[in-house]
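J.: Chain order of the listed sequences is C and S.
Counting in my numbering, the first sequence runs from 1 upward without gaps.
Counting in my numbering, the second sequence runs from 204 upward without gaps.
Hints listed in this document are in silico derivations from the structure and should not be mistaken for laboratory results.
Among the hints, erroneous ones may be present.
To be verified - Among chain S residues calculated to face chain C with C-beta under 10 Å, some are:
no., residue
1, 206
2, 220
3, 222
4, 258
5, 269
Said to hold, decoys possible - Computed footprint of chain S on chain C, listed as stretches where at least three residues anywhere in the stretch have a Cβ under 8 Å from a Cβ of chain S:
no., region
6, 37-43
7, 180-194
Claimed, not checked - Among the chain C residues that face chain S by a calculated CB cut under 8 Å, a handful are:
no., residue
8, 47
9, 48
10, 53
11, 64
12, 65
13, 66
14, 142
15, 157
16, 161
17, 162
18, 199
19, 200
Backbone N, C-alpha and C fix where the C-beta goes; we use that ideal spot for every residue, glycine too.
As a plain string of letters, each chain reads:
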Amino acid sequence: MGEETPKSSEQDALKDEELVKSILAGNVDDYDGLVRRYADRLYAVIYNMTSNHEDTNDLLMEVFDKAFRNLPKYKRNSSFYTWIYRVAVNHTLNYIQKNKKQRKNMSLNDLNIDDRFEKDLEDLKVITGDKSAELEELQKKLNESLQKLSDEHRTVVILYDIDGMAHADIAKTLNCSEGTVRSRLHYAHKHLQKLLNPYLDIE
Amino acid sequence: MNKEERLHSLLKLKKHETPGDAYFDAFVDEFHRYQRTEVLEGRKSWLFRWKRGVHEIMEDLLITPARLLQGSAAVFGVVLLSAVLLVGQFQNQSASEGLASHDGIYVDGTEFNSNSISNHAELIMAHLSSFEHDFEGSQYVTGGATLTHVSEISF
Numbered sequence: 001m002g003e004e005t006p007k008s009s010e011q012d013a014l015k016d017e018e019l020v021k022s023i024l025a026g027n028v029d030d031y032d033g034l035v036r037r038y039a040d041r042l043y044a045v046i047y048n049m050t051s052n053h054e055d056t057n058d059l060l061m062e063v064f065d066k067a068f069r070n071l072p073k074y075k076r077n078s079s080f081y082t083w084i085y086r087v088a089v090n091h092t093l094n095y096i097q098k099n100k101k102q103r104k105n106m107s108l109n110d111l112n113i114d115d116r117f118e119k120d121l122e123d124l125k126v127i128t129g130d131k132s133a134e135l136e137e138l139q140k141k142l143n144e145s146l147q148k149l150s151d152e153h154r155t156v157v158i159l160y161d162i163d164g165m166a167h168a169d170i171a172k173t174l175n176c177s178e179g180t181v182r183s184r185l186h187y188a189h190k191h192l193q194k195l196l197n198p199y200l201d202i203e
Numbered sequence: 204m205n206k207e208e209r210l211h212s213l214l215k216l217k218k219h220e221t222p223g224d225a226y227f228d229a230f231v232d233e234f235h236r237y238q239r240t241e242v243l244e245g246r247k248s249w250l251f252r253w254k255r256g257v258h259e260i261m262e263d264l265l266i267t268p269a270r271l272l273q274g275s276a277a278v279f280g281v282v283l284l285s286a287v288l289l290v291g292q293f294q295n296q297s298a299s300e301g302l303a304s305h306d307g308i309y310v311d312g313t314e315f316n317s318n319s320i321s322n323h324a325e326l327i328m329a330h331l332s333s334f335e336h337d338f339e340g341s342q343y344v345t346g347g348a349t350l351t352h353v354s355e356i357s358f
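Just chain C, same shape as in the assembly:
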């Protein structure tokens, strides 16, 4: 990620807990290290929940700002990433619920196509012929299908299928039981299978 200043490489070498200690001791610049470290991962989870880059950018700023102001409240019984991840998920869920009406007419964004993406697609044998047209259509369909799920169902799908979290961790993040997570996931998958059937039927 870009050109590194001596300060940022020094921050990268420190563990999260050391950075948090240092920030709380008054070295607020060290927070940049945490921002640099987790911006992309948090961006991904927020974007998958909103399917909109502008909203994601605003929400990511708010999440880092909120976490910074609430850092003294952070009890170190979980990792910093787990804590800020929960802040991000709950903040985004709240935003989605509050802005449901406006979000109905939102536009979906273009996809950043890179080599890893193409490789994964080829593994799925989805692409035939015109790649860019297929990719665009697939992205649109995927996002549309996800947006058709309820907020709760969509969130568990993102945390489990896209972010690869375990059921227990999802339950902790969303403050619900593991059984609830499994049941939401089951119904969400059934719904998605129906919506994405043409892409799943290829042999």
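We have chain C; now place chain S onto it with these hints.
T.: This is chain S only, laid out in the frame that chain C set:
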């Protein structure tokens, strides 16, 4: 690969939907600008800070406006129900206290207290005897009121 696995792989593709390194390189500077603006906004008005404080508390508790409305309605319902029950209970209590303090029943000028079980028995006996005594065209008194009964039946 079955449908479930295919779906899982398809969803994993969303991991790649990121804006690229240039965005993240500029993000820290952008974040600093955002924080400075926030500080200025915060200084401008106490209402802004107060609103944000309330908003964050609600967010921490996962309270949305809809949930707040539902919760308020539920609390209002419980308070209303309790009030109705309490008023009902209070009225029943007043009525039974009124009955307890009510004068006894008079039969042939004798007062019988209706609260006492033994008096109940006495009252019934007195009624029966006065009924027998006065059956043939005589008068008997109940609760202080005088009734006249003229019977043509003879045994």
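J.: State for each hint whether it applies.
T.: Taking the hints in turn, this is what the structure says about them:
For residue 206 (chain S), the shortest C-beta to C-beta distance to chain C is roughly 5 Å, which falls under 10 Å, so the interface hint holds. About 6 Å separates the beta-carbon of residue 220 (chain S) from the nearest beta-carbon of chain C, less than 10 Å, and the hint is met. Restraint check, residue 222 (chain S) versus chain C: the minimum CB separation of about 6 Å is within 10 Å; hint holds. For residue 258 (chain S), the interface hint holds, since its Cβ comes within 10 Å of a Cβ in chain C; the closest pair sits about 9 Å apart.
At about 7 Å, the closest approach between the beta carbon of residue 269 (chain S) and any beta carbon in chain C falls short of 10 Å, and the interface hint on this residue holds. For the region 37-43 of chain C, the proposed coverage by chain S is satisfied: 3 residues have a C-beta within less than 8 Å of a C-beta in that chain, meeting the threshold of three. By the rule of at least three residues with a Cβ nearer than 8 Å to a Cβ of chain S, the coverage given for the region 180-194 of chain C holds, with 3 such residues. Among the interface hints, the one on residue 47 (chain C) holds; its C-beta lies about 6 Å from the nearest C-beta in chain S, closer than the 8 Å criterion.
Residue-level restraint check for residue 48 (chain C) holds (minimum Cβ-Cβ distance to chain S is 5 Å; threshold 8 Å). Annotation: residue 53 (chain C) was flagged as interfacial toward chain S, and the flag holds, the nearest CB pair being 6 Å apart, inside 8 Å. Interface restraint check for residue 64 (chain C): the shortest CB-CB distance to chain S comes to about 6 Å, inside 8 Å, so the restraint holds. Because the smallest distance between the Cβ of residue 65 (chain C) and any Cβ of chain S comes to about 6 Å, under 8 Å, the interface hint for this residue holds.
Hint status for residue 66 (chain C): holds, given a least beta-carbon distance of 7 Å to chain S, under 8 Å. The beta carbon of residue 142 (chain C) is positioned within 8 Å of a beta carbon in chain S (closest approach about 6 Å), and the interface hint is therefore held. Taking 8 Å as the C-beta contact cut-off toward chain S, the hint placing residue 157 (chain C) at the interface holds, the least distance being around 7 Å. For residue 161 (chain C), the interface hint holds, the least distance from its beta-carbon to any beta-carbon of chain S being 4 Å, beneath 8 Å.
About 5 Å separates the beta-carbon of residue 162 (chain C) from the nearest beta-carbon of chain S, less than 8 Å, and the hint is met. Interface hint status for residue 199 (chain C): upheld, as the beta-carbon distance to the closest one in chain S is roughly 6 Å, under 8 Å. Of the supplied interface hints, the one on residue 200 (chain C) holds, with its beta-carbon coming within about 5 Å of a beta-carbon of chain S, less than 8 Å.
Hint check: no violations occur; every hint is consistent with the structure.
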